[in-house]
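Participant: Here is how the chains run, residue by residue.
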Amino acid sequence: MTTIETQAGANTVPSGKRFFSLAGRYGTFAAFLALILFNVVFTPNSLSLQTLNVNLTQVATIVIVAIGMTLVIATGGIDLSVGSLMAIAGALAPMIFMGTLFPIANMPVAVALALVMPVAVTGLLGLFNGFLVTRFAIQPIIATLVLFIAGRGIAQVMTNGNLQVFRNEGFQFIAMGRVAGIPAQVILMAVIAAIAWAAIRYTVFGRQIIAVGGNEKAARLTGIPVHRVKLFVYMISGALAGVAGLIVVARNSASDANLVGLGMELDAIAAVAVGGTLLTGGRANIIGTVIGALVIQLVRYTLLANGVPDAAALIVKAALIVLAVFIQQRAGKS
Amino acid sequence: MNALLKALALRSPGDMARLGVILALLGLILFGALRYDNFLSQYNILSFLRYNSMFALIALGMAFVIMTGGIDLSVGGAAAMASVIAALLSPHHWAAGLFGGIAAGLAVGALNGFIVTAMRIQPFIATLATMLAAYGTALLLAGNQSVSVSYDSGFTEIGQGDFLGFPIPAWIGLLAYIAGWLVLERLPIGRHMLAIGGGEATAALMGLKVRRTLIAVYLGSGALAGLAGVILASQFGAGQPTEGVGWELFAIASVVVGGTLLTGGSGSVGATLAGALLLAMVFNILNFENGLGWISLSAYWQSVIRGGFLLIVVVLQARLMSRREEKA
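Which chain is which? The protein sequence lines are U and F, in order.
In terms of this note's numbering, the first sequence opens at residue 1 and continues consecutively.
In terms of this note's numbering, the second sequence opens at residue 1001 and continues consecutively.
By construction, these hints were calculated from the structure, which means they are not laboratory data.
Hints should not be assumed to be uniformly reliable.
Said to hold, decoys possible - Chain U stretches covered by chain F per the calculated footprint, using a threshold of three residues with CB under 8 Å from any CB of chain F:
id : region
1  : 98-105
2  : 148-158
3  : 220-231
4  : 311-323
By construction, the Cβ of each residue, glycine as well, lies at the ideal position given by its N, Cα and C atoms.
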């Protein structure tokens, strides 16, 4: 796994603490493999291509949002507004290609606008979050709480709270389409994850994000534009939430401002935490986040496929989050 | 200006923020009283207190957790679970419902305290997990639907009844806030909580029982959330396994509006009450606007305005703080 931080003394730990060190680094991945193995043995039809597609498409939106969340958390912040921003993007897109916002004669142009404009809007709203965090030094949890509360209301006001039902193959390609048999949303997820991983690992900006979260004062003293870095990560988080919102409404052929993205902030934070990025900042483990989201999804699938009710799956999910974070912290200490 | 501040014994930026919220609350009440004939009517005041006391209870528990530098995201889930358990126990005796609900909240609080102190997991993640578990338990116990309470055992009196002309939930809230004030201002544990919030390592070196204090704080928050769940079930005549979503954020907002910083180490019981009442009052006034048809505000606009209101308050607070810091 790619964790950017100093691993000083990791090879000289006493054998007793070895377990936690290993489990911390590979535990989530091991859990991932164990879950797959369990399903292969016990869950009927789990090896089919359809099962794979169902799981990947269900996890795609969480992964996309969680990647933005990983970057925000890496700077020591948090973004509670992602679910509400998804609702705004999801409400906006159908209004554009259905012409309720303004008339557009050319359908391809309308679809292109419906894909770009909502993401731009949520990116700007993310920028607003960043503005509150940097300009007014408001704690991120409170700064993003503002749009968490107001954002869904904005989406509801835009649509008057009504369900927007639509059929538009061009727009819905983002969720329903397939390239070489692979669902488009899965490809989108993989591309976004790859870009984020490369950005963290190979770009100056990626390093700056880690530095800001590691020690903000030190980062400022070494000349890193702390405010600009933070503005950027909140903007990215907002824009990615917008993308996820588009996928959700395209998948459902309908947009319900009351439901799109509900509770997404918690799913995304859980994926980040299970994936090994500590909430204190200074680390960004993109691959960990992807695997964390996959593990949470697989646990849910495994329980549901074996007849365990969804409510019980919530309890298992809770235990899993605690266990994963506990092991990683023990690993971090040793 | 400075002389005035001195006269009012305002020493810290926190004091200023707390004074600000109380003034804002008074201003809002004045606005309502001048604009609407029925705003200060007995009916409006009593139903305002009856309905909002459960949110005030949760905000009180949250204030204590935040003072120690933690956070409790599980309060909404704990309240939902408590409402279901209270509803299930209500046919036996009203007290069974009441104490069953509080016990449910205590159980969530105990789990929070254990995960935070023994497993040393950040409160944000610990209480996020217990929130999921509490909702899961509530849904399992309730069979995915709301559970009707018994109307024969007197359980509904807890949320709907009056005592000496005041709603019982308002009495419960009042007693809780008086107890909370005593704990913070008059008992050693109050000082200890603030010390832990100010710096946990230092507090431990000073010989304070950090773990025990933190566990007590999460137990308190859980118990108050449980009590809120009991009132919820009693008021609406049903245990609601899906209710409570977003309550934690409302409580956090109340605490912050009350001038308590999320970093811990400071806080006030009275200002937390003012913060909770202020946010609730915005809602009350919006309902008046609605009812009188001055402007037709849909429920959707209300959350936009609430968010905008929170924005104004936190931006003003931030400016206040930074200005005082520059001077200091």
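Participant: Would you mind marking each hint as holding or not holding in the structure?
Facilitator: We went through each hint and held it up to the structure:
With 0 residues carrying a beta carbon less than 8 Å from a beta carbon of chain F, the region 98-105 of chain U misses the three-residue requirement, and the given coverage is violated. Chain F is given as covering the region 148-158 of chain U, and this holds because 9 residues of the stretch bring a CB closer than 8 Å to a CB of that chain, at least three being needed. Under a criterion of three residues with beta carbons nearer than 8 Å to beta carbons of chain F, the stated coverage of the region 220-231 of chain U fails, only 0 such residues being counted. Coverage of the region 311-323 of chain U by chain F holds. Counting CB-CB distances below 8 Å, 10 residues qualify, and the rule asks for three or more.
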